[in-house]
Amino acid sequence: MFRIIPRDTTFFTMFSEIADNLISAARALVDLFDHYQDTAAKTAEIKRIEHIGDDLTHAILTKLNQTFITPFDREDIYRLTSSFDDVLDLINSAADRITMYKIIDPPPAAAELSKIILAQCEELGRAVAHLQKNGDVLTRCIEVKRFENAADVASREAISRLFEREKDPINLIKIKELLEVLETATDKAEDVANVLETVVLKNN
Amino acid sequence: MFRIIPRDTTFFTMFSEIADNLISAARALVDLFDHYQDTAAKTAEIKRIEHIGDDLTHAILTKLNQTFITPFDREDIYRLTSSFDDVLDLINSAADRITMYKIIDPPPAAAELSKIILAQCEELGRAVAHLQKNGDVLTRCIEVKRFENAADVASREAISRLFEREKDPINLIKIKELLEVLETATDKAEDVANVLETVVLKNN
Amino acid sequence: MFRIIPRDTTFFTMFSEIADNLISAARALVDLFDHYQDTAAKTAEIKRIEHIGDDLTHAILTKLNQTFITPFDREDIYRLTSSFDDVLDLINSAADRITMYKIIDPPPAAAELSKIILAQCEELGRAVAHLQKNGDVLTRCIEVKRFENAADVASREAISRLFEREKDPINLIKIKELLEVLETATDKAEDVANVLETVVLKNN
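Protein chains in written order, with the working numbering: chain A, 1 to 204; chain B, 1 to 204; chain C, 1 to 204.
Hints are computed from structural coordinates only; laboratory data are not their basis. Take these hints with a grain of salt, some might be off.
All copies of an identical chain are treated as equivalent in the list; a pair is satisfied when it fits inside any one copy or across any two copies.
To be verified - Calculated cross-link-like contacts (lysine-lysine; reagent style DSS-like; alpha-carbon spacing at most 25 angstroms): (1) Lys-47 with Lys-167; (2) Lys-202 with Lys-133; (3) Lys-42 with Lys-202; (4) Lys-63 with Lys-115; (5) Lys-42 with Lys-102; (6) Lys-102 with Lys-167; (7) Lys-115 with Lys-42; (8) Lys-176 with Lys-145; (9) Lys-63 with Lys-202; (10) Lys-202 with Lys-145; (11) Lys-115 with Lys-145.
Between the sequences and the hints, there should be enough to build the whole structure, so can you do that?
Dropping the structure here:
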């Protein structure tokens, strides 16, 4: 059987752009927690990257709505786009907590979790690059999930420690929420991996 | 090409009823925070409207499951119905916090956010009315999103202020949650707009 | 019209396994709160059951991705699987709060809510068993929703009481979250019932 309609490659390019933009945001987040200074400028930069992500999301959904033949299930393109967007939203949301709650001294787990988020985003970038070329998407996805487990353990331990040591309830609320937002970002990265897995399994 | 099976208009009528009911709930919420008295009766009224919404949701999903030809994608009818229901649930949930937490003195941002929710629901009502007549749905959807951004800014500022001023952690927990529930309602209204946008773009 | 391809019954068997595993988890949760001792061993046991659930979820999604003809809509198989998984995750998450927050004395509502969760899971098990044999799935689903309403009332009352009595904000945060996680488990059980309802209505 031969293909009559050539596969549209635009979607793959657009997903690469989305992944690259997400990696930039994750890098900025790591830098924020690793060198905790100029936080106002750094969180503003993450916000700027998030706006680029909004435009990329909007562009891909518009294209999806106007395209009749898609390279893989429309439903999966939709899910992939929105789960990528969720990760970016949560990275921004974590940075946002810094300014909103005037957090002076984030716990080491915040830097640790950001690094896990970055590692996941880099794996997702590789997976997306492999998607078009039938590369090893599934191994990348497994890595993303492994990182999610690591983040889960790290955040649980950090929150447990927080409840032991932090006696100021208002500060506890702030730090707990920061850690939860970071952990949720790693869950959402796992969601992206799950969609990618589905796409590969359906099309093999 | 001519249409053999006439488009079923019942779904449009049902969505108008859902939108009208939602607008009633949003109005009752604005009244609750604008004139903060008789709160027990007012929250009971919102609960009553929410039950009507449950019946409307159930009716449309039953019809969907029994209808073979739908005026637009079944998946989108499903999504539209449940995202409308989410907004109503959150309006009720916000009102509920008043009784559950015995909130005596809600912050001005609660009234402000309710008004944004009402403005969104009115736009959604107009969008739904335009849907059948090919009116300007997209402009209405853009407005709903603009309002969501405004709500986001308002709630972030209000929560940031709360952390500065409120020294009683238990009161802080109550008010923070009230503001978050209100802000989530505006997110869910944006979700409705996103589905409506998809429906229009697919069918043009 | 006669059927050329026989319906694959594997999915029904797999959903029965998922339901049975979920019932085990819910039973362990009831036991944990009813006899509040050896909590470390009991929460570890729930974690073990959750891992089995992860494997079952993975197996059914893999099969779904590789199966061309499914006994009901792929989308609904996907939704059913992930909503079942959500209930299990939340049961584990509730148990987890015990160790994470070192909760010494959970409120009676925790035991009450666990019993509601178990009752729901048992109804879901019956519904899944009926699914293949065209038994009375809908009545089971209505029961699941009725239990969700009961859980909603129970958790609201318990949280309201907590805010009245608990003066230690950090303890309040712990118990509030435990109750919310338990209540969310009953919401997710309702989601499972909603998917089952959809499946039945579409296929009748």
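List, from low to high, the hint numbers that the structure doesn't satisfy.
-> Going through the list in order, the structure violates hints 1, 3, 4 and respects the others.
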